[in-house]
Structures are given as C-alpha cells and as structure tokens.
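Q: Using the sequences provided together with the hints, build the complete structure.
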Amino acid sequence: MFKDKTAWFSSSVGKGVTSFWVAEGGALSSWKKADYLFSNDASSEDTKRVHHSEDYMKNRATVFHCNFLSACKPRQSVKSVPIGHYVLPPDSIQNEIRVLIGRFIWESDEQVMCEEQKTT
Amino acid sequence: KPASPTKPSNLRCAGCVKHMNEMDSRSFGAVLRSCRFQCDFHLVLQEVEDRFRRSQQLEKTSHNLTHAHINTHGKNREHSTCTNGDNKRSKRGKHRLSHQPSDGCFRLTPLRRPCETYGPDMEKNMHHIHKKKTSEY
Ligand SMILES: [Zn+2]
Numbered sequence: 031m032f033k034d035k036t037a038w039f040s041s042s043v044g045k046g047v048t049s050f051w052v053a054e055g056g057a058l059s060s061w062k063k064a065d066y067l068f069s070n071d072a073s074s075e076d077t078k079r080v081h082h083s084e085d086y087m088k089n090r091a092t093v094f095h096c097n098f099l100s101a102c103k104p105r106q107s108v109k110s111v112p113i114g115h116y117v118l119p120p121d122s123i124q125n126e127i128r129v130l131i132g133r134f135i136w137e138s139d140e141q142v143m144c145e146e147q148k149t150t
Numbered sequence: 460k461p462a463s464p465t466k467p468s469n470l471r472c473a474g475c476v477k478h479m480n481e482m483d484s485r486s487f488g489a490v491l492r493s494c495r496f497q498c499d500f501h502l503v504l505q506e507v508e509d510r511f512r513r514s515q516q517l518e519k520t521s522h523n524l525t526h527a528h529i530n531t532h533g534k535n536r537e538h539s540t541c542t543n544g545d546n547k548r549s550k551r552g553k554h555r556l557s558h559q560p561s562d563g564c565f566r567l568t569p570l571r572r573p574c575e576t577y578g579p580d581m582e583k584n585m586h587h588i589h590k591k592k593t594s595e596y
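Residue numbers (the numbering used here), protein chains in the order written: chain A, 31 to 150; chain B, 460 to 596.
In case anyone wonders, no lab produced these hints; they're calculated from the structure. Incorrect hints may appear among the rest.
Distance condition first, Cα-Cα at most 27 angstroms in a straight line; then the derived DSS-like pairs of lysine-lysine [unchecked claim]:
#  : chain 1 : residue 1 : chain 2 : residue 2
1  : A       : Lys62     : A       : Lys35
2  : A       : Lys63     : A       : Lys78
3  : A       : Lys103    : A       : Lys35
4  : A       : Lys62     : B       : Lys477
5  : B       : Lys477    : A       : Lys35
6  : A       : Lys109    : A       : Lys35
7  : A       : Lys33     : A       : Lys63
8  : A       : Lys88     : B       : Lys519
9  : B       : Lys477    : A       : Lys63
10 : A       : Lys33     : A       : Lys62
11 : B       : Lys477    : A       : Lys109
12 : A       : Lys45     : B       : Lys519
13 : B       : Lys477    : A       : Lys33
14 : A       : Lys35     : A       : Lys78
15 : B       : Lys519    : A       : Lys63
16 : A       : Lys109    : A       : Lys45
17 : B       : Lys519    : A       : Lys62
18 : A       : Lys33     : A       : Lys109
19 : A       : Lys45     : A       : Lys63
20 : A       : Lys63     : A       : Lys88
21 : A       : Lys78     : B       : Lys519
22 : A       : Lys35     : A       : Lys63
23 : B       : Lys519    : A       : Lys103
24 : A       : Lys88     : A       : Lys35
25 : A       : Lys78     : A       : Lys62
26 : A       : Lys88     : A       : Lys103
27 : A       : Lys63     : A       : Lys103
28 : A       : Lys88     : A       : Lys78
29 : A       : Lys88     : A       : Lys45
30 : A       : Lys78     : A       : Lys45
A: So this is what it looks like as structure tokens:
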C-alpha cells in the first residue's frame, strides 16, 4: 500500500502503526527528508521541532495524524481516505481551530473506534 | 441544470478530495494555497496556521534585531544616530507601557521630541559642552 513512499514517525506514534507502514512496503526516513510526517501528539518534543522548523514556516512540512494510517488499514486502500482531513496543526493553535470548526477528524475517529469496541 | 452551490460548507476542496498518492507533507501546503475554493475546515486551518507562522517569523526577526543591535552598539558607539536611539526608545516604551501604562506614556513622549526636532541643536550643544570642558582644563 505504501510502496515507494517514505515516512517519519514521531516517538508519540505507537509501534504497531510504524510496523504496519513498513509491512505495507513503506520506507522510514528522517523528518527533513520523508515524504510524509506522522505524529500522534503535537505537544511531543519531536513534533514541536517540526512545527518550529524552517520547512514548516515555508509551508513544506505538514504533519498528519497517524490515525490516517489506522483508517487506511481496514479499507486496504489509501485512495478512499482523504489525508487532508488528518492534518495535525501545532499544539498551541489547536484550540483556536476547535472553537471555529469543532473536533478534528482524528479526534472523532478515536471516539468512533471506542464506541465500536464497546458494542462488539 | 447545473447544481448551484447553495451551501458552500458542504462542498469539498482539493484538500478534501486529494488522496495520499496525490499529495504529501511537502506539497499539502501548496495544494491548499493553489485551491480556488476551500471548505470551512481547510479555510480555517490555513488562516490559523498562517497566523502562527507570521508570529513565529516575527519572533525570529525580533531576536535577530536585538542581536544585531548589540553587535553594532559595541563596535561603533560613536556613530549612533538619532533614529537609532529612537528605535531603542520606542521599543522600550512598548515594554514599559505594558507594565505601567499611564506613567510610561507621559514620560516618554516629551523625551522623544527634542531628539527628533532639535537634533542638530543638541549636537551643537554637545560641542559647546565639550569646548567648555577642554577650556576648563
Ligand atoms: Zn477541504
């Protein structure tokens, strides 16, 4: 699924997600070189570093929430999940965005997953 | 009959419809920027992120400015001009304003004016003082 793609994973991302990426043919790289940047927590130090980097200032380092990959897993396709919904903005501005648009999709996903687990 | 977009919030933009093979962490920003229409989420996201970037940039440049100022201050004290001192003062004024609004404001304004309007005269006075001093010796 992730053949010919390189990703960087924040230390906040669980091992299971990273191994899923590798198992599906994805490669790992540094945060400066990777095509895709994934994090589970914008307040983690390594993600903060990305959000304060020159690349981010130049709009060339969007961090995505790793729940995107969890959403791809059951669908076995990257085309049915819009990655643009899984943007993980800097920690300090998340509340400002929440006030304007409500919950992030990666937050509601978590909730849906929890509810699914409860019913099954 | 083309469907007229009555509710823009229900429309999806490039940031919504493009999938992983069409954009990555490096191109996402450019995709949003080149998109003529943006859904509510991506519009808000871009605006707030841009504001964050501007404030970061501002922090950086102000850091650089203070560093540059310290450097020049040490090297050529003699050449410090009126405008230079003015910048310094207005910056300090802002800091003071936040701590003690009324006092700082009133004290600063008259201090600034003589420097701006009577700059040359002050220089003359300085020379005068200098001459006096030397004659005294
Ligand atoms: Zn959108």
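Q: Compare the structure with each hint and give your call.
A: Consistency of the hints with the structure:
Distance hint between Lys62 (chain A) and Lys35 (chain A) is fulfilled; the C-alpha atoms sit about 14 angstroms from each other, no more than 27 angstroms. For the proposed pair Lys63 (chain A) and Lys78 (chain A), the alpha carbon gap of about 17 angstroms is at most 27 angstroms, so the pair holds. This hinted pair checks out: Lys103 (chain A) and Lys35 (chain A) have alpha carbons roughly 16 angstroms apart, not beyond 27 angstroms. Taking the CA atoms of Lys62 (chain A) and Lys477 (chain B), the gap is about 23 angstroms. The hint holds against a cut of 27 angstroms.
For a cut-off of 27 angstroms, the pair hint linking Lys477 (chain B) to Lys35 (chain A) stands: about 16 angstroms separates their Cα positions. Between the alpha carbons of Lys109 (chain A) and Lys35 (chain A) the distance comes to roughly 14 angstroms, so the proposed pair stays at or under 27 angstroms and holds. Taking the CA atoms of Lys33 (chain A) and Lys63 (chain A), the gap is near 16 angstroms; set against the 27 angstroms cutoff, the hint holds. At roughly 14 angstroms between alpha-carbon atoms, Lys88 (chain A) and Lys519 (chain B) fall within 27 angstroms of each other, so this suggested pair holds.
Annotation: proposed proximity of Lys477 (chain B) to Lys63 (chain A) holds, straight-line Cα distance about 22 angstroms (limit 27 angstroms). Taking the CA atoms of Lys33 (chain A) and Lys62 (chain A), the gap is near 19 angstroms; set against the 27 angstroms cutoff, the hint holds. Between Lys477 (chain B) and Lys109 (chain A) the CA atoms are separated by roughly 8 angstroms; this keeps the pair inside 27 angstroms, and the hint holds. With a C-alpha separation of about 35 angstroms, the suggested pairing of Lys45 (chain A) with Lys519 (chain B) is violated against the 27 angstroms cut-off.
Note on Lys477 (chain B) and Lys33 (chain A): the hinted pairing holds, with a Cα-Cα distance of about 18 angstroms set against a maximum of 27 angstroms. With a CA separation close to 23 angstroms, the supplied pair Lys35 (chain A) and Lys78 (chain A) stays within the 27 angstroms bound. Annotation: proposed proximity of Lys519 (chain B) to Lys63 (chain A) holds, straight-line Cα distance about 24 angstroms (limit 27 angstroms). Restraint check: the Cα-Cα separation between Lys109 (chain A) and Lys45 (chain A) comes to about 24 angstroms, which is no more than 27 angstroms; the hinted pair holds.
Between Lys519 (chain B) and Lys62 (chain A) the alpha-carbon distance is near 20 angstroms, which keeps this suggested pair within the 27 angstroms criterion. Note on Lys33 (chain A) and Lys109 (chain A): the hinted pairing holds, with a Cα-Cα distance of about 14 angstroms set against a maximum of 27 angstroms. The suggested pairing of Lys45 (chain A) with Lys63 (chain A) holds, with an alpha-carbon distance near 21 angstroms, which does not exceed 27 angstroms. The straight-line distance between the Cα atoms of Lys63 (chain A) and Lys88 (chain A) is roughly 15 angstroms, inside the 27 angstroms bound, and the hint therefore holds.
For a cut-off of 27 angstroms, the pair hint linking Lys78 (chain A) to Lys519 (chain B) stands: about 16 angstroms separates their Cα positions. Between Lys35 (chain A) and Lys63 (chain A) the CA atoms are separated by roughly 11 angstroms; this keeps the pair inside 27 angstroms, and the hint holds. A threshold of 27 angstroms between alpha carbons decides the hint, and for Lys519 (chain B) with Lys103 (chain A) the separation of about 41 angstroms lies outside it, so the pair is violated. Proximity of Lys88 (chain A) to Lys35 (chain A) is assessed by CA-CA distance (about 22 angstroms); at most 27 angstroms being required, the pair is judged to hold.
Between Lys78 (chain A) and Lys62 (chain A) the CA atoms are separated by roughly 14 angstroms; this keeps the pair inside 27 angstroms, and the hint holds. Proximity of Lys88 (chain A) to Lys103 (chain A) is assessed by CA-CA distance (about 31 angstroms); at most 27 angstroms being required, the pair is judged violated. Between Lys63 (chain A) and Lys103 (chain A) the CA atoms are separated by roughly 25 angstroms; this keeps the pair inside 27 angstroms, and the hint holds. A threshold of 27 angstroms between alpha carbons decides the hint, and for Lys88 (chain A) with Lys78 (chain A) the separation of about 16 angstroms falls inside it, so the pair holds.
Between Lys88 (chain A) and Lys45 (chain A) the CA atoms are separated by roughly 30 angstroms; this puts the pair beyond 27 angstroms, and the hint is violated. Note on Lys78 (chain A) and Lys45 (chain A): the hinted pairing holds, with a Cα-Cα distance of about 20 angstroms set against a maximum of 27 angstroms.
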